[in-house]
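Counted the way this note's numbering counts, the sequence shown spans residues 3 to 418.
Just to be clear, a hint being listed does not mean it is correct.
Said to hold, decoys possible - Straight-line Cα separation of at most 20 Å, SDA-like style, residue types lysine to any residue; simulated pairs: (1) Lys172 with Glu94; (2) Lys374 with Gly412; (3) Lys374 with Lys95; (4) Lys374 with Gln13; (5) Lys95 with Glu67; (6) Lys185 with Arg277.
Quick caveat, the hints were computed from the structure, so don't treat them as lab data.
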Amino acid sequence: MNLPRFAKIKQELPRPVVSDIPSKIINELEKINLGLRIKPGQRIAITAGSRGIRNIVVILRTLVEAVKAAGADPFIVGAMGSHGGGSAEGQEKILASLGITEKNVGCPVLTTAEVVEIGRTSRGVKVFCDINAWQADGIIVCNRIKPHTTFHGPVESGLVKMMAVGLGKKEGASFIHRVGPDKIASALLEIGEIFLYSKKVVAGVGIVENSYDETALIQATLPEDLIQTEMCLLKEAYRLMPRLPVEKLDFLVVKEMGKNISGTGMDVNVIGRMRIAGVPEPAKPLVARIVVLDLTEESHGNATGIGLADITTEHLVKKINREVTYLNCLTSGNVQRAMLPIIMPDDQKAIEAAIKSLAAGDPTGLRGAIIKNTLELEYLWVTENLAEELIQGGQVELVDPVRPLDFQDGFLVLDL
3 MNLPRFAKIK
13 QELPRPVVSD
23 IPSKIINELE
33 KINLGLRIKP
43 GQRIAITAGS
53 RGIRNIVVIL
63 RTLVEAVKAA
73 GADPFIVGAM
83 GSHGGGSAEG
93 QEKILASLGI
103 TEKNVGCPVL
113 TTAEVVEIGR
123 TSRGVKVFCD
133 INAWQADGII
143 VCNRIKPHTT
153 FHGPVESGLV
163 KMMAVGLGKK
173 EGASFIHRVG
183 PDKIASALLE
193 IGEIFLYSKK
203 VVAGVGIVEN
213 SYDETALIQA
223 TLPEDLIQTE
233 MCLLKEAYRL
243 MPRLPVEKLD
253 FLVVKEMGKN
263 ISGTGMDVNV
273 IGRMRIAGVP
283 EPAKPLVARI
293 VVLDLTEESH
303 GNATGIGLAD
313 ITTEHLVKKI
323 NREVTYLNCL
333 TSGNVQRAML
343 PIIMPDDQKA
353 IEAAIKSLAA
363 GDPTGLRGAI
373 IKNTLELEYL
383 WVTENLAEEL
393 IQGGQVELVD
403 PVRPLDFQDG
413 FLVLDL
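Hey, can you work out the whole structure from these sequences and the hints?
In structure tokens, the structure reads:
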């Protein structure tokens with residue numbers, strides 16, 4: 003098939019970076035006087051989730067050392083809702099894959115599926131907490147703050163969600179994902195208030211990453227300021243979020259998807275798709291066909307978000323752990339995101355299928371792009387016509403000249 007030719011381009015994205023992470027964390031903890039908020043001999047739980055947060059081991063280890071310096075006894079608690087199959091063993095496996103082990107962080111790492119009810123919201127909703135965290139003398143809530151892939155509101159994916167869903171385990175996740183996308187933010191705030199009112203939370207540590215998947219901001223907060231702090235950090239996360247250089251594409255090829263990249267495998271804020279019944283699709287970006295070629299090893303078979311694509315490959319499908327994927331999507335209530343798209347034998351056939359579905363004749367007029375994943379968008383390959391348009395507009399820099407796509411045994415060979 004006569005495929006369009008592609009050129010490699012580079013786009014400039016905002017890039018604030020924390021150069022010395024341990025020093026930054028120590029300074030932030032000093033600002034909130036953490037050493038005065040915990041007492042010698044207390045057991046302090048520090049939350050760790052299932053997301054691929056850059057520098058998370060260094061961040062957790064520094065928090066552990068700060069708690070020890072105050073004379074307290076820290077431990078890491080797995081806070082990941084229903085991820086890892088909702089089991090202690092599954093959670094432990096995910097944390098270990100992220101480098102979060104006792105050896106690396108300097109304290110025990112505890113995972114469990116057991117929760118306790120800690121209160122009820124004004125609407126009578128039960129609020130749950132990981133039993134290990136609740137039995138501790140205090141909790142430090144640590145998480146990355148970023149736009150969510152199901153809903154939008156004053157808080158999205160961050161510290162409040164880490165309490166309500168992460169520490170709430172399967173029970174907490176199950177409730178949140180059933181209240182409807184338009185009500186999730188308010189439900190999170192109500193549950194977060196229960197946690198904060200309990201006085202169990204002693205501090206929050208919010209992380210924001212830039213478009214290059216680097217640590218851009220770290221801010222510690224007192225419990226009474228936690229929600230307001232998260233709201234401010236979320237605005238910054240939106241500003242730093244990676245984006246495609248155009249708002250309309252005929253086709254987008256994503257080389258890899260995965261839970262370490264986004265909760266939905268591919269970030270819906272990047273690709274412009276929600277695929278939630280009753281929720282309108284974003285106006286932009288508008289992508290007619292999405293092709294996803296592979297699933298990251300770090301996903302452990304969790305292909306949540308595969309339903310966001312139109313076409314995929316046999317190679318990806320063979321990696322899917324259906325039990326884990328279905329649990330994730332059934333718990334969230336977003337079953338469409340687990341539905342399989344058209345499956346083609348290999349990368350070449352998948353890309354050709356997308357193009358055939360769009361162009362009856364000459365496909366060189368199509369506007370297309372190829373990206374590694376939805377986190378790494380500094381470099382991408384775009385069709386010849388789109389490259390000319392972007393370069394003339396001064397939006398990007400040409401890295402590699404126009405050339406045909408290269409395939410080996412059906413697999414796309416492309417430097418990204």
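A quick look at each hint next to the structure:
The suggested pairing of Lys172 with Glu94 holds, with an alpha-carbon distance near 15 Å, which does not exceed 20 Å. At roughly 17 Å between alpha-carbon atoms, Lys374 and Gly412 fall within 20 Å of each other, so this suggested pair holds. Distance hint between Lys374 and Lys95 is unfulfilled; the C-alpha atoms sit about 26 Å from each other, more than 20 Å. For the hint linking Lys374 to Gln13, the alpha-carbon distance of about 14 Å falls within 20 Å, and the restraint holds.
Between Lys95 and Glu67, the direct Cα distance comes to roughly 24 Å. Violation of the 20 Å bound is thereby established for this hinted pair. Distance restraint check for Lys185 and Arg277: the Cα-Cα separation of roughly 17 Å lies within the 20 Å cut-off, and the hinted pair is therefore satisfied.
This entry does not satisfy hints 3 and 5, going by the numbered hints stated previously.
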